[in-house]
Structure formats: C-alpha cells, structure tokens
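> Since chain A is already given, all that's left is putting chain B on it; use the hints.
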Amino acid sequence: MAAAISVDGVSKTYRLYHERNQSLKGAVMSRARVRYESFPALDDVSLEIPAGETFGLIGENGCGKSTLLKCIARILNPDAGSIRTEGKISALLELGAGFHPELSGRDNVYLNGAILGLSRKQLNARFDDIVGFAGLEHFIDTPVKNYSSGMYVRLGFSVAINVDPDILLVDEVLAVGDEEFQRRCSEKFAELKHSGKTVVIVSHALGSVRNLCDEVALLEHGKLLSVGPAGEVIDGYLAEVHVDRVKDGEYGSRWGSGEGKVERVELLGADGAPATEIHTGGPLTLRLHYAMSEPIPQPVFGVAIQTLEGFTVTGPNTRQAGAVPDQLSGTGHVDLRVDRLMLAPGTYDLSVSLYDYSCSHAFDFRYRTLRFDVQRGDPAEEHGVMALGGEWEGAVNPVRR
Amino acid sequence: MRTKLAEYVDSGDLTLNLTLRELRSRYKKSFLGWAWSLLNPLSTVIVYSIVFAFFLKIEPPRGDPSGLKNFAAFLLCGLLPWNYLQGGMTGSMGSLIGNANLIKKVYFPREVFVVSAIGSLLVSFLIELGVLAGILLLLGNMVLPWIPVVLVIVVIQSFFVLGIGFLLSVMNVYFRDVQHLINVALMALFYSAPIVYPISVVPDQAHLGGVTIPLGTLYRLNPLVTLVQSYRDAMYNLRFPPALSILYLIAWSAVLMAVGLWVFQKLDRRLAEEV
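Order-wise, the sequence lines are chains A and B.
Per the numbering used here, residue -17 is the first one in the first sequence, and the count goes up by one each step.
Per the numbering used here, residue 10 is the first one in the second sequence, and the count goes up by one each step.
Simulated from the structure, these hints should not be mistaken for laboratory data.
A virtual CB, placed ideally from N, CA and C, is assigned to each residue, including glycine.
Some hints could be false.
If you want the footprint, here are the derived chain B segments under chain A, 3+ residues with CB under 8 Å [what the hints assert, rightly or not]: (1) 20 to 26; (2) 113 to 122; (3) 251 to 261.
Bound-form chain A, shown alone:
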C-alpha cells in the first residue's frame, strides 16, 4: 500500500536558552557567544506509515515522539531531512484550540472548524451534527467562558471529529477525560480506521496502543529503535525496560506527617529477587520498606494500583486483611505476596501509604510512586485491566470417547 506519510532522515534540535534574552541588546552583545545549548529531540528518524493504517508512536517522556508528531503536522520544521504526506492532515493536539471565551459556542464552532481546516460550507452542513454530538443545543448561543470544562472539551472534540481528514494526528492529551469521553474517542478511531483513514497516535498508554494500532514505532532519545506490528514492538519494549520504569518519587507526589515513612517499594519475583518481568497470572511480591522515627501504634499499610488514566484497579490494605501489628518502630519491611497477579497486560501506577488505625491520618502517602508494566502471560488475556482466568467450554470440538 502507498505510504501516507514518509519521514526521511528527520532531525530536529531544540535550543535550550540558559538565560532567555529576548532583547536586541542581548542579541547584539552576545552575538559571538551563542547563549543556548542544543538539545537533539529527533536524530535521523526515517519511517513510512502506510495509508489506512493506525500507527502508534511510543517511548519515554522526552523521547521525541511528540516532536515527530508536530513535525508531521508541520507545526515544527525539521532541521534536516524531509517529511512527505499524502492528503489532508488534521492534528488534534488540543481540543478547542482557538476558542475565544467571549464568543458564543456557535461562533466558536465556526472559528475552531476553520482553524482545523473546514470551509464555511462544510461547517454549515455539519453544524447540527457537531452541536448534537456535543449535546449542547441549549447552550450554543452562550459565551464559551460560561461553559463547564466538560462542555468545553465536548464541543472541541465534536468539532475535531467532524473535520474528516485523510490523516489524523492525535496526541495523548485526548486520552484524558471521563470514561464516556474516552469511549467516544475509541469509537471514533475505530470508525476512522474502517473508513480507510490514516491515524497516528502518540501515547503512553501501552494498553490502548496495543488495541488500537496496527503498527508501532518505538523512539528513545530521539532515535528510532524499532518499527513493526504493535504487539511485537510493545512486547519487545516491555522486555527491554526495567520493571520499575519511573524512579521512585520522581513522578508522583508525596504527603503525610512523617512520623513513619515508607522508604522504598520493591517489586520481587517468585525467587525473592527484584522482578525483571511481570506477567499476567505470574507471582509478584510488593515489599514496603518502612522507617519509623517514633513507635507507631497499629499502623496500617496500603497499596493502590491505578491505570495511567487514573482508574483504581485495586487498593488492598493491612487493616481490611486483619493484619495490623500492635506497634512498629525502627526499620523493617512488610510484604504483600500475590501468587497470581490477575492484572491484564498494560502499564500501571503503584501508590503506597502508611496510615493510623482509623485510616484518617496519613503518616506517609506516596501517590503514584512507581510505574510498572505487566506483560502477557497465562491466562493469555489482553483486554481491560484484569484477567478473569476463566475456562472456556464447548468452544473446542469435544473429543468423544
């Protein structure tokens, strides 16, 4: 199939200004010494995206995937190399781009539509659909500044999906929002896929990328590591990276009074050694290292596992399990041993907490302190957040004796 997008040897370097000097004086004075550091965001990336395919760009924060998307969208110009595209491109990097707060919803639909490349005639024809889909018939003549954030996003999305481009570029910002909204996004992507449109998605949520995309490109430090079928690349990526991808404390927030602390969290495999891979249906032990600066009566340890979208999958604690010690002091650790981890393949965030017995006073709460990936295992289920692990009967031709 013909390529809808061909990226050929693209490099992009950002300028990191140490001392932002946006004045003529600064420019004249420091003409000899350039006051910025070059940061290579993309380094000689080449890839082809076939027409009609849903294509994912994955990688760590700062790997260059969003930069590549913006280069394809022509928002940024590459320093070297070229990008060729076939057909009309629409980029959804932000919903409601260019909405003017003082103007009515109606005016903003026309404005936003024009920004996304719709002609007035097309907008006239689709106006009722757009407003209907957003469910804002009664508020369409109200200034947008009086909208709730939900209404704002709905209207923005509604305009965006009606653009009807040949190539749709989507950044993960679209992945935020309530469940209803996400469902609509997914439905719309499926619809676009069926109608033969090319979709390029940048995302952190490996689970949804696996489900949505035909092919995936993995980027690291601006370089293209691998391209191929979604499942293969993602599995390879997960096998490659260390299990706790986000360094403890770097990503999440932390609060609490601090008399007792959860110093460290470890993910251990069956052999008691730090886990290198976590599989659905496999064993996993969460080890919480604590350090109490004073004796704490009846401490309650808890963990929570959330999807990247913020949905809490599970949240066990020692009080519910009836495993609260009378008092703890000094340092030590508690383990949560799981024989069969029934999480579906995907990426999850772990939060840990140390509370008093009433569970109203937090000594230490480490929100989303660790991010880990779960890979395919046994049961070989892929969808949703959990593996049911049931047995299918009657689906295979029974062997009659």
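Here is chain B on its own, set in the frame of chain A:
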C-alpha cells in the same frame, strides 16, 4: 512556492473567521460597543482642534478646487489613515504572541494572523471613512465621485501596512523590545507627516551650522507624507493625486511586502518554539 500559494487560497475562510473573531471580540463587554470605533477619532479631533486650531491658530488650507476650509475635516482626512497605519503596526506586533497557543497546536500559514489582525482594522477604517464621507457631504464637499480613488489608496495602504506588519510581527517574537522601539517611533512618525498641520508650514530649506539642508525635499521623501497628501487630495481638495505620488506609494508597498514576507518566511521556521 506554488503550494504556498495554494495554502494562502485555502486559508481564505480561516482568515475571514479570525478577522470576525477580532471584530466581534473587540468591543464585547463595552457598553457603547461599536460606537467606540467612531468615538475614538472624534475625541482626538476635539482635542487637536482645541490645541492646534484654537490655541496655536493653525489655519487649515483652503481646498483646491473644493474651496472647503475646515480644520476638523482637514484633520480627519489625515488622522483616519494614520490610525489605520498605527493600529496595524501595534496590532500585528501582538498578533503572533497573542496567538501563541494556536501556533503551538495547529498548523496553518501563520501569515493568516497578521492578515486577520490588519483585516479587522481595515473594516473599522472603512466604516470611519464612510462616516467621514458623510461629514464632508454635510460640509458641502461632493466627495462621492472620488470614492473609487480613495478606495484605490486604501488598497495600496493596506499592502503598505501588511508589509510592515509581517516584518514587525515575527521580529517581535524574537526580540520583544521591538514593541517599545515602535512606541517611540510611532510618536515621531505621527509628527513626520502633515496630519495635524498643513504641509505649507514645513520650510523648504533649513540652516544648520552654516550648512543648508533641503528640508522640504527630504520631508517629501517620507511615504507617509505622500500617503496623507493623497488622501487629502481625493477627499479634501477633490482632485486626483499626482500619478507620481501613487506610483511612489505602490513602489513602497511592493518593497515593504517583499521584505516583510521574506523576513517572515525566514523567521517562521522556528516560530512554534520561540513564540
């Protein structure tokens, strides 16, 4: 280059929409709304009339051949084009910075922002000119047959303003003190053209330390002088501006457009990162 042209054509609807956004939002939440568009020049006329015509006793020249002699009319014929120029310069300087969010999130030719900023000012300018035409008619100046001439000058001036707008808009992204520089320059530019005073008060020659300077000739090199004089010819004097003046203005507009667009293309490449 052809694709760039095709892009410009495709952006027509967008330019229109952004222009409407500017226009609709300009006087939102103000009690008098669109009346401000007329009240602003009116208040300027009152102040200047008191200071220049009453205190300083500046005599407006008698229109030739119209015979009109009225300071307010004389002033407005120069003041309205000036306001358009000044508004276009300050408006275009803010047009990219004010739309930074859009520039970072959506692609379309960024020239559109400058064009729509100036386009919205053009609309107010045309309305103001319409009101001025009414005033001139009341004063007995039969300005109606001269409207096509005025419109030709408006078109030439629009390209003039656009050229400067392209230049200032991107330069201001990279060097924010362009806007402070321009504020100073605008004050000087205002008095460099015969807007509040007739051109007859400018001496032909000036003597500076024994050297004779051909001030009148130098003065007339300023395209703003030509611009204001051309508007006055068409509306106040009711005669054709000299062909040479029109050609001079066209030449300036063409050069400014070429330089402006060239610089804009040059600096456009890194715009999404720098804005």
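> All the hints need checking, so say for each whether the structure fits it.
Each hint, compared with the structure:
| no. | hint | verdict |
| --- | --- | --- |
| 1 | 20 to 26 | holds (count 4) |
| 2 | 113 to 122 | holds (count 5) |
| 3 | 251 to 261 | violated (count 0) |
Comparing the model with each earlier hint shows a violation of hint 3 alone; every other hint is respected.
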